[in-house]
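All chains should be modelled from the sequences, with the hints used to inform the complete structure.
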Amino acid sequence: MAMARRNLHAPVRASSALQREFPQMDRRATEVLINLIRTDSLVTTALTRRFRMHGLSLSGFNALVILRQAPDGVNPHEIADRLLVTRAAVTAILDALEAKGLVRRDRSGADGRMSLIAITAAGKKLLDGLLPQHFAAERAMASVLGANEKELLISLLGRLQLHLAAQAEAVTIAE
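With the sequence shown counted from 1, adding 9 to any position gets you my numbering.
Note that these hints are calculated values from the structure, not bench results.
Check each hint, because a few of them may be wrong.
Said to hold, decoys possible - Now the in silico label distances, taken between C-beta atoms and shown as ranges:
hint, residue 1, residue 2, range
1, Pro20, Gly110, 40 to 50 Å
2, Ala97, Arg168, 30 to 40 Å
3, Asn157, Asp81, 18 to 28 Å
4, Thr95, Asn157, 14 to 24 Å
5, Asp137, Phe31, 19 to 29 Å
6, Met123, Pro20, 46 to 56 Å
7, Leu42, Arg148, 19 to 29 Å
8, Ala149, Val180, 17 to 27 Å
From the three backbone atoms N, C-alpha and C, an ideal C-beta is built for every residue, glycine too.
So this is what it looks like as structure tokens:
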């Protein structure tokens, strides 16, 4: 851990030499994106390690959280949309959770082809045991920020997310 901190230079700054070579570069935009990616990597690594100790992937944990809030079950497509993964990926995530007895597939619809995914008692028990630790870890990760800084960061990230989603939609429409 000490080695990781010693090699970490935060925030990451973009090369001024690169900016001189490519004048169209917006150095601050590059730095924003590099630092978002670095932060995502650090958070994802920490959470993945924590959930792996309990036999879960990060996506599996998040799927359980979604399902815990929907006692009547959730359509797999909705889970995929909320996890920001493909339908094929959500099938693999749900298969792994089902194999561990943490979720179940309930057939619904007139012909029984549609399924709803529901958390099992075992899944709820595992999740309820993990959530206090998870919330403590989240609190510790964000403890360097004050309440106003957290609100500002949430607001800025929200603006960026809406902008990026609109750009992605515009590209999809243009294709």
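Status of each hint after checking the structure:
In this structure the supplied range 40 to 50 Å holds for Pro20 paired with Gly110, their Cβ-Cβ distance being about 44 Å. For the hinted restraint 30 to 40 Å between Ala97 and Arg168, the CB-CB distance of approximately 31 Å keeps it satisfied. Distance hint for Asn157 and Asp81: a CB-CB separation of about 38 Å, inconsistent with the stated range 18 to 28 Å. At roughly 37 Å, the beta carbons of Thr95 and Asn157 sit outside the given window of 14 to 24 Å.
Here the CB-CB span from Asp137 to Phe31 is close to 52 Å, at odds with the stated 19 to 29 Å. Remark: the range hint 46 to 56 Å for Met123 to Pro20 is upheld by a beta-carbon distance near 47 Å. For the hinted restraint 19 to 29 Å between Leu42 and Arg148, the CB-CB distance of approximately 27 Å keeps it satisfied. Separated by about 38 Å at the C-beta atoms, Ala149 and Val180 break the suggested range of 17 to 27 Å.
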